[in-house]
Amino acid sequence: MNKKMNLAKTLPILMLSLLMGCAAEVVPTTSYYLLNSSQTTPPAKVQKDKIVILKVLELPEYLNQAQLVMQMADHQLHYAHFQMWAEPLKAGLTKALVADLNGAQQTIQFLPDRRNNRLNDNPQLHVQIDFFHASSDSKVTLAGNYWYEGKESKTEAPTPFYIQRNLQQDGYPHSVSQMRALVERLATQIVVESRGQRH
Amino acid sequence: MNTEQTQNQEAQIKPLKSISAIWLIPFVALLIGGWMVYYQWSNEGPLITIHFESAEGMEAGKTKIKSRHVNVGEVTGITLNDGSNGVTITARLAKNAAHLLIDDTEFWVVSPQITHTGVSGLSTLISGVYIEVSPGSDDKPRTDFVALEDPPVTPAGTPGLHITLNSDDQFAYSKGDPIIYKGLTVGQFEDIYFNFEERIVYYNAFIKAPYHELVTSNTKFWDVTGLQIDLTADGLSVNTGNFETLLTNGVTFDVPEGMAHGTKIVERTDFDIYKDYKTASDERYKETIKYVVFVSNTIRGLRVGAPVEYRGIHVGQVESVDMLQKQDKTDQPLFTEAIRIPILVSFQPGRVGLPDNAQGVARMKQQHKLWVKQGLKASLKTGNLLTGSLFVDMQHYPEQPVDTIDSFGDYAVIPTIDDDFSQITKKAGQFMDSLNKLPLERISGNANQLMEEFTQTAKALTDTAKDLQGASKNLETLLSDANQQQVSQQLTDALKNVAILTRDLSAGSTGYEDLRKTLSAVTQAMHELRPLLKQLKHQPNGLVFDPGTPDPIEPKKHSGDSQ
Numbered sequence: 001m002n003k004k005m006n007l008a009k010t011l012p013i014l015m016l017s018l019l020m021g022c023a024a025e026v027v028p029t030t031s032y033y034l035l036n037s038s039q040t041t042p043p044a045k046v047q048k049d050k051i052v053i054l055k056v057l058e059l060p061e062y063l064n065q066a067q068l069v070m071q072m073a074d075h076q077l078h079y080a081h082f083q084m085w086a087e088p089l090k091a092g093l094t095k096a097l098v099a100d101l102n103g104a105q106q107t108i109q110f111l112p113d114r115r116n117n118r119l120n121d122n123p124q125l126h127v128q129i130d131f132f133h134a135s136s137d138s139k140v141t142l143a144g145n146y147w148y149e150g151k152e153s154k155t156e157a158p159t160p161f162y163i164q165r166n167l168q169q170d171g172y173p174h175s176v177s178q179m180r181a182l183v184e185r186l187a188t189q190i191v192v193e194s195r196g197q198r199h
Numbered sequence: 001m002n003t004e005q006t007q008n009q010e011a012q013i014k015p016l017k018s019i020s021a022i023w024l025i026p027f028v029a030l031l032i033g034g035w036m037v038y039y040q041w042s043n044e045g046p047l048i049t050i051h052f053e054s055a056e057g058m059e060a061g062k063t064k065i066k067s068r069h070v071n072v073g074e075v076t077g078i079t080l081n082d083g084s085n086g087v088t089i090t091a092r093l094a095k096n097a098a099h100l101l102i103d104d105t106e107f108w109v110v111s112p113q114i115t116h117t118g119v120s121g122l123s124t125l126i127s128g129v130y131i132e133v134s135p136g137s138d139d140k141p142r143t144d145f146v147a148l149e150d151p152p153v154t155p156a157g158t159p160g161l162h163i164t165l166n167s168d169d170q171f172a173y174s175k176g177d178p179i180i181y182k183g184l185t186v187g188q189f190e191d192i193y194f195n196f197e198e199r200i201v202y203y204n205a206f207i208k209a210p211y212h213e214l215v216t217s218n219t220k221f222w223d224v225t226g227l228q229i230d231l232t233a234d235g236l237s238v239n240t241g242n243f244e245t246l247l248t249n250g251v252t253f254d255v256p257e258g259m260a261h262g263t264k265i266v267e268r269t270d271f272d273i274y275k276d277y278k279t280a281s282d283e284r285y286k287e288t289i290k291y292v293v294f295v296s297n298t299i300r301g302l303r304v305g306a307p308v309e310y311r312g313i314h315v316g317q318v319e320s321v322d323m324l325q326k327q328d329k330t331d332q333p334l335f336t337e338a339i340r341i342p343i344l345v346s347f348q349p350g351r352v353g354l355p356d357n358a359q360g361v362a363r364m365k366q367q368h369k370l371w372v373k374q375g376l377k378a379s380l381k382t383g384n385l386l387t388g389s390l391f392v393d394m395q396h397y398p399e400q401p402v403d404t405i406d407s408f409g410d411y412a413v414i415p416t417i418d419d420d421f422s423q424i425t426k427k428a429g430q431f432m433d434s435l436n437k438l439p440l441e442r443i444s445g446n447a448n449q450l451m452e453e454f455t456q457t458a459k460a461l462t463d464t465a466k467d468l469q470g471a472s473k474n475l476e477t478l479l480s481d482a483n484q485q486q487v488s489q490q491l492t493d494a495l496k497n498v499a500i501l502t503r504d505l506s507a508g509s510t511g512y513e514d515l516r517k518t519l520s521a522v523t524q525a526m527h528e529l530r531p532l533l534k535q536l537k538h539q540p541n542g543l544v545f546d547p548g549t550p551d552p553i554e555p556k557k558h559s560g561d562s563q
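Quick note, the sequences are listed as chains A and B, same order. The first sequence begins at 1 in my numbering and counts up one residue at a time. The second sequence begins at 1 in my numbering and counts up one residue at a time.
Please note that the accuracy of each hint is not assured.
Claimed, not checked - Part of the chain B face toward chain A, derived, beta carbon under 10 Å: (1) THR518; (2) ALA521; (3) GLN524; (4) ARG530; (5) ILE553; (6) PRO555; (7) HIS558.
To be verified - Stretch by stretch, here's where chain B covers chain A in the computed footprint (C-beta under 8 Å, at least three residues): (8) 60 to 72; (9) 75 to 84; (10) 168 to 181.
Hints listed in this document are in silico derivations from the structure and should not be mistaken for laboratory results. From the three backbone atoms N, C-alpha and C, an ideal C-beta is built for every residue, glycine too.
Just need the whole structure built from these sequences, with the hints factored in.
If you want it as structure tokens, here you go:
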């Protein structure tokens, strides 16, 4: 009889403790990131001949996925399990670059390449991305080439770029904001270098 | 005083009265030795000599003589014959085996043997060969024997019946081949003897008891070697004895169906071996009547033994198809009778229920004589279309009676009538003759006239056709115009539909946008699923169990920078 009473008392306590153990487990949640977060004001309408189409070529395969990438060593990458891009990186990069290019100057309007923009005859800015990620040495890197393709398919020589920033904080949110800053610096660099070439 | 007395007493020498008792010992020993010699002599069995072709495997003092696996003696000496044509074995038999030494006792060497009838003597591989003695049943004593070269197939004294089978056909039986009765092996061939004068092979065979009771005076033996396939006028027949005879040769025996069993056989009797049951069965008829039938066509397919049928009843058989060769060459019958080939056929009264004796023969001859005069004819007919084998068919043709019966040699002749094929050929010939008699020239003239009239009519028709052709062309042009207009309209409608379809699917259209959104959603879903799939790949039970701690790897702030 006493044994039965003891069992009746201990069983609920045991089950409760097990449930509490489950509840105490930290369940990781997935975080989604947007590269181009700020809502940029649309540029004023300009003449057609002042429009340049931005074409971001296909990203490297290791960047063309939802997870954020971190370089651990020279030849080693790490894909974050719970840190993901909210949209394809190519789309976000294009939006951010277009916004920054248009914000860095007022004479030319950059437009993303769309199939229905019917601006095939306008000059095109091609951007090819080779590296765009954080690394274990607390840096974010943006590297690649860009070049203009003018009318009649005149193509300029590619201009390489390699931009790095140090991380001032831990964690992926800060790294994403620094990556966004790298895009802004690239836009500035393109605008500046383009002006220098014209002059 | 005492000394004197002593000197006066001289030794008295007395002669020995009896033999010393010590001599009893050698005497007893002598008696025992004598008794032993006598015992040995009195219990010693007889000494015999056996002549062998070879003493292979035998040794003096070791090789035993056995009867039914019981030692009855031992080889004491082996000597080569003077002429070196064999060896003489001297053997001492046990005293209680002396009764074995009679005239028909057989000796042979038992050694390992592997034959188609079985394996025997394997125990001698270890123990060495021995001499087997098979006691006979004679009363005459004998001490000098000639051994058998091979073990006898049937041990002496086995109950049963010894018979002699003979064959002048191409059969070859060997020692030990089975004799079968309804599938059971009831006997076997014992030895073979070829008679050079008769050119016939005689086989001594033994039928063991109680099956020897089945052998009677009317018993027939026939060959059942292997698988016998026979394609005759009666069709295809396949026969075999039993499984053993599929591999070896063999004969079977029985009393042919419908025949009396006959008297019981009690002593060695000769029997013929026939090639098959049919031949054996036909041999039951003793009385036959032979006739000659002249055939005007080919006899290809007609074999000796082919049936002679009277309205479908088997009444006889063909005895010979090469009578011309057997005739006297000086008569040159092939040339004198070139267009008719004589066939010798036989009728057996026993086949049709008549007594198989002279009375039956007389009645059958009389009946045949009457029938032949009333129109009985013989003809060759095809018994089997596959093999082309022929048989002789007897039919009544009352419309063709004959007055006299011809003879060929010693045989009466049964008139013949053409066979079916000949009749067809004859009718075809008659048809061709009738065709030749037709007035073809006159018919040809009429036909020419008819053709001219037909040509004129055709010309008129051609003119009419030309007119029709002109009208047809106009009609065709009219239809063509109508068709072109209709086709053009259909093409225009189809292109309009294609344009509508293209517009619906073009960029910016509702359908295109829907498709694009769907693909985008799918792509997004795949992006979402990818980490999960990777996690499952890394940890298949991650959905159920703890997936682990949160990702510990994340970017760290630069050590040189302050927050």
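Verification of the supplied hints:
A hinted interface residue such as THR518/B counts as satisfied when its beta carbon comes closer than 10 Å to some beta carbon of chain A; here the least separation is about 16 Å, so the hint is violated. Look at ALA521/B: its Cβ only gets to about 13 Å from chain A, farther than 10 Å, so that hint breaks. The closest approach between the C-beta of GLN524/B and any C-beta of chain A is roughly 8 Å, which is under the 10 Å cut-off, so the hint is satisfied. Interface restraint check: ARG530/B against chain A, minimum CB-CB distance 6 Å, threshold 10 Å, status holds.
For ILE553/B, the interface hint holds, since its Cβ comes within 10 Å of a Cβ in chain A; the closest pair sits about 5 Å apart. The criterion of a C-beta within 10 Å of any C-beta in chain A is met by PRO555/B, whose closest approach is roughly 4 Å, and the hint holds. Because the smallest distance between the Cβ of HIS558/B and any Cβ of chain A comes to about 4 Å, under 10 Å, the interface hint for this residue holds. With a cut-off of 8 Å between beta carbons, the region 60 to 72 of chain A has 5 residues touching chain B; three or more are needed, and the interface restraint holds.
For the region 75 to 84 of chain A, the stated coverage by chain B is satisfied: 7 residues place a CB nearer than 8 Å to a CB of that chain, which reaches the threshold of 3. Counting residues of the region 168 to 181 of chain A whose beta-carbon sits less than 8 Å from any beta-carbon of chain B gives 7, enough to reach three: the coverage restraint holds.
When the structure is compared with the earlier hints, violations turn up for hints 1 and 2 and for no others.
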